[in-house]
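Peer 1: Based on the provided sequences and hints, a complete structural model is requested.
So the sequence lines, in the order shown, correspond to chains A and B. The opening position of the first sequence corresponds to residue 0 in numbering that gives the first Met the number 0, with each subsequent residue numbered one higher. The opening position of the second sequence corresponds to residue 0 in numbering that gives the first Met the number 0, with each subsequent residue numbered one higher.
Hints listed in this document are in silico derivations from the structure and should not be mistaken for laboratory results. Owing to the predicted nature of the structure, the values given are computational and were not obtained by experimental measurement. No false leads were mixed into what you were given.
Residues from chain B shown here face chain A by an in silico Cβ test under 7 Å; the list is partial:
| hint | residue |
| --- | --- |
| 1 | Ala4 |
| 2 | Val18 |
| 3 | His19 |
| 4 | Ala28 |
| 5 | His101 |
| 6 | Ala102 |
| 7 | Phe103 |
| 8 | Pro154 |
| 9 | Lys159 |
| 10 | Gln160 |
Think of the CB as a built atom: it goes at the ideal place given N, C-alpha and C, for glycine as much as any other residue.
Number of protein chains: 2
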Amino acid sequence: MSRIAYVNGQYELMGAASVHIEDRGYQFADGVYEVCEIRGAKIIDFTKHMTRLQRSLRELRIAMPMALAALQIVMQEVVRRNRVRSGIVYLQVSRGVSRRDHAFPTHPVAPSVVVTARGISPQKGSDTAARGIKVITHAENRWPRVDIKSVSLLPNVLAKQAAREQGASEAWYVDAQGFVTEGASSNAWIITKDDRVVTRSADSGILAGITRAVLIDVLAAMQLKLEERPFTPAEAAAAKEAFVTASSQIVMPVVAIDNQPIGDGRPGAIARRLREEFHRFAEAV
Amino acid sequence: MSRIAYVNGQYELMGAASVHIEDRGYQFADGVYEVCEIRGAKIIDFTKHMTRLQRSLRELRIAMPMALAALQIVMQEVVRRNRVRSGIVYLQVSRGVSRRDHAFPTHPVAPSVVVTARGISPQKGSDTAARGIKVITHAENRWPRVDIKSVSLLPNVLAKQAAREQGASEAWYVDAQGFVTEGASSNAWIITKDDRVVTRSADSGILAGITRAVLIDVLAAMQLKLEERPFTPAEAAAAKEAFVTASSQIVMPVVAIDNQPIGDGRPGAIARRLREEFHRFAEAV
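Peer 2: Here it is, written out as structure tokens:
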């Protein structure tokens, strides 16, 4: 558990870390976030995450709360103060505090910034990866702007809860055309019987995952064939392997979809190798 | 502006009223809300609002944070402490504070409760109603569960901002079939040339508005014909009158849609009468 959080200019004890009740993040989900992996006490792929953060903010016309260099220092300081060597750092930026009114405040408002960090045992991640996770399918019911990494996550909460209640860890959204879009908090991948690695294009219907982008470099270096195209749950069930990517999970093998085993029902060899190779291609600051 | 807010058991000065940064309302939009009109220092249609609140909470499997009678006392106390005679009282309930994880907390967590109130000059509302408001149309881009009055309102924020930037006060969502669903924070109504009052059925695609429900009683008493069916923006532009309903606006005449005048471009006679009659049918506690 994070012991120290950064909130709007202050490092605070986690128990006392709070935001105003009229923070637009609280009343309107009017904010965005990023989750970066911490490894060796360093932030992984910081620059890529910040590029995406800035895009999310631009799309919502929320100002960058501080210079990128300052944000880096704050995030590193939260990691340091919490003595996290392996884990995640969470950054949330909302439009700020203003009297409740849907449209943007008409007077200048400073964006709110919250940063937390917490340790996650690398062994725990490895153990989960050695077992693999199960996914369920879930009808896509999010708004179309999932390319913005906003905190408007109630649909994701309900999908994740549905997954848990069905003994799974992730829900893969399926769009009206019957194709998988992505997971509720991860990107979705399959590997075909002839070793082509398939994931949906980031052009539509999904968030452009950072781990997804780095993994594409890994695939190229390993001379694995990438196909950016939609796939169906049936294709996933018949695939050789499947996995998800997310900053908090790296490459996590998927062994079942809707309780149908994928491949031999155990983590696949390629997914395992991708997980091992990943950090050779990620950047650490 | 509200001077005193109720937050999780305490009456606090507004400037100091805060929630924890890991409140799930802040990180996941995992909460619901109600806005009730205050008139003569009393809460209008409290029972109906609380019935809807309880439905929203049930749909999300969030516990009622306290008995209804206690919630009524708290809301009335916030109204009293802020000396509001005319205005609104806002209630937000989130799933509570828990370490960030999409699925519901696995340990018992107390829901968070926030109540604020603020005065709105009745004269200001009357002045706006005398002029009427303009609406724009906006492609429906919310998730399907708009029947839950959740704080997952980012799409509504953007639609309202788009309306403002086009010189309007409200955005009417238009679904894939070309029909108006509802406004970003109101229900949408038109009156045909032969005096039929038309609004979409609350069965699909909209929130079951409380003001909408009470207004249906008003229509019956005034022997006006109600048609619960979808209508298009073109039908609205060609209508005799149009208006929106919301607790903070009662019945608000609409005089233009996408800058096309409705009727003679002035508030309609029937909408004006509905506004005048409304409170004979509303309950005050």
